[in-house]
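Colleague: Spelled out, the chains give:
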Amino acid sequence: MDVYFTREHEWIRIEGGVGTVGISAYAVEQLGDITFVELPKPGKEVARSEVLCVVESVKAASDVYAPLSGWVKDVNSALESAPEILNQSPEEEGWMVRLEISGPDEARDLLTRPEYDEYVRGLE
Amino acid sequence: MAASLFCFCRSCNYSDISAHAGILIPAAGHRRITCASGYAMNDLKQTPLIGEHQHLKARLAPFGGWLMPIQYESILAEHRWCRKSAALFDTCHMGEFAFKGDLGESGLGRLLSFRTDTIASGRCRYGFLLNCQGGILDDLTVYRTAPDGVMLVVNAATAEKDFSVLRAGLPDGALFEDLTPETAKLDLQGPLSREVLAGLCGSGVEEIPFFGFRRLELLGAEAVVSRTGYTGELGYEIYLPADRVAELWRTLLRDERVRPAGLGARDLLRLEMGYSLYGNDLDEATTPLEAGLERFVDFTREFVGREALLWQREGGLRRLKAAFRVASRRAPRHGYQIFSHGNEVGRVTSGAFSPVLESGIGLGYVTPEHAVPGTSLEIRHEGVSMEATVVELPFYREGSLRN
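Chains as they are written, first to last, in our numbering: chain X, 1 to 124; chain V, 1001 to 1403.
The set of hints was computed from the structure by calculation and includes no laboratory data.
Please read these numbers as outputs of a predicted model, since none were measured by experiment.
Keep in mind that the hints are not guaranteed to be accurate.
[Unchecked claim] With the Cβ distance kept under 8 Å, some of the chain X side facing chain V (calculated, not the full set):
| id | residue |
| --- | --- |
| 1 | Glu8 |
| 2 | Ala27 |
| 3 | Gly32 |
| 4 | Asp33 |
| 5 | Leu39 |
| 6 | Lys59 |
| 7 | Val120 |
[As the list claims (entries may be wrong)] Using C-beta positions, here's what the derived DEER-type ranges look like:
| id | chain 1 | residue 1 | chain 2 | residue 2 | range |
| --- | --- | --- | --- | --- | --- |
| 8 | V | Cys1132 | X | Glu93 | 27 to 37 Å |
| 9 | X | Glu45 | V | Arg1318 | 40 to 50 Å |
| 10 | V | Lys1045 | X | Asp2 | 43 to 53 Å |
| 11 | V | Arg1347 | X | Ser77 | 25 to 35 Å |
| 12 | V | Arg1167 | X | Asp117 | 49 to 59 Å |
| 13 | V | Val1372 | X | Pro104 | 36 to 46 Å |
| 14 | X | Asp74 | V | Glu1206 | 49 to 59 Å |
The C-beta atom is built at its ideal place from N, Cα and C for all residues, glycine as well.
Taking the hints into account, I'd like the entire structure generated from these sequences.
Modeller: So this is what it looks like as structure tokens:
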């Protein structure tokens, strides 16, 4: 079970052809209190880097991109009424979408956790 | 993920600063970051409390030409604390002027939308500095400090301009002085603010009426304490010498009922009350009549802008401020378009997620027939649509303001 990251601060945990997607603890920390989450409809097909979700915090509105291409299998609808879950547990309870991955080769471009941590340090 | 940040500086019209800042909120030391209006971080003025904010690890951002704390712990937590206990705000960026001379129609009174000569001693009055067209140059509060003297408190971004407009309009010989550099200001706001302050300066604070003030001794310094604010809660604005403010700040924060709050929380608190923010909801192209603030204009005497306002009132308004509530948690933002039955009828000037109502709320200007409570509106921005309904202000009615 491997977690990868994008430079746009999404994470994806890949298990047997299914990727669970969310935004990183660093991104959530930067956004501050999350007040609204818009999730896609299950069944929706997305290409890598297409808008997958929308997240609003008190001070920012953000698009969340698909880290890999695929079909939306499931969404974490608990976030719709309780978006603060994202602040409390961004990389566990705050998962946003499960994707049936259609482009597994694209994963080569993702960052491993050490690579992402290094990348984030460069942004500080 | 790509974020659109909503700039707090109010000088770049809430432009998207993500191009400058990535998803980063500018933090102390990020000298390379500028907002869209071009304020480099190191051109910004700093309040005497900058070291305190850095010590508390506040997120700092440009506001009105100043580097100000936007949040300490969390905007929502700070908002909540202000509504239930007492929040402490650094408002040293605001401008203070002293005037001594003719307060009547031939002096200061002619330059403001309201009479200053009828403000009772120890009371404050809110109103406007207008241009000849009736447009709002600033909104301000005037304190009657002496039989022939007042203190004027103005917004940070407009302070310099206000001073020169007022100076130019005042008769020779009037004493008019900018006290901003040597004057610090703290706002203590929240239902427990009175008992907190009484613990520091005695019972004198309990006698201050709403929109009144007293000179009180605070930690050995002479302070002006007014029962005013920008949150909808019982609260005080405290003016004291700049070299004494850090001590008062630290003393207040040692009280467990008090926590620091930044401009992020302040913006939510004021919006839940429907209070206008200069630069967003009010500007030189907007009159008090359009802003629904005619009660702060006294037409019974001459003042700059009077003719234009009478003419506008006679001719009918083309737009009017409306307050609206969104049907979801989505936040409208400054600049979003307002539609009704497919036609654009106005623009959003302020918007946020309201923690109290758990929905988006906003202010905007619309054609007058669409400003009537109950009217359905649609807010649009880049393919996003929000249903909204015009409501009466304030959004939040349970505050301790008049306690």
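Colleague: A separate judgement is required for each hint: does it hold in the structure or not?
Modeller: Hint check results:
1. Glu8: 5 Å, holds
2. Ala27: 6 Å, holds
3. Gly32: With a minimum Cβ separation of about 6 Å from chain V (threshold 8 Å), the hint on glycine 32(X) holds.
4. Asp33: 4 Å, holds
5. Leu39: Constraint on leucine 39(X) not satisfied, violated at 13 Å.
6. Lys59: 6 Å, holds
7. Val120: Since chain V brings no Cβ nearer than about 11 Å to valine 120(X), farther than 8 Å, the hint is violated.
8. Cys1132(V) / Glu93(X): 27 to 37 Å: This hint is violated: roughly 59 Å between Cβ atoms.
9. Glu45(X) / Arg1318(V): 40 to 50 Å: 47 Å, holds
10. Lys1045(V) / Asp2(X): 43 to 53 Å: 49 Å, holds
11. Arg1347(V) / Ser77(X): 25 to 35 Å: This hint holds: roughly 33 Å between Cβ atoms.
12. Arg1167(V) / Asp117(X): 49 to 59 Å: Hint holds: Cβ distance 56 Å, inside 49 to 59 Å.
13. Val1372(V) / Pro104(X): 36 to 46 Å: For proline 104(X) against valine 1372(V), whose Cβ atoms are near 57 Å apart, the range 36 to 46 Å is violated.
14. Asp74(X) / Glu1206(V): 49 to 59 Å: Given a distance of about 58 Å, which is inside 49 to 59 Å, the answer is holds.
The structure shown violates the earlier hints numbered 5, 7, 8 and 13.
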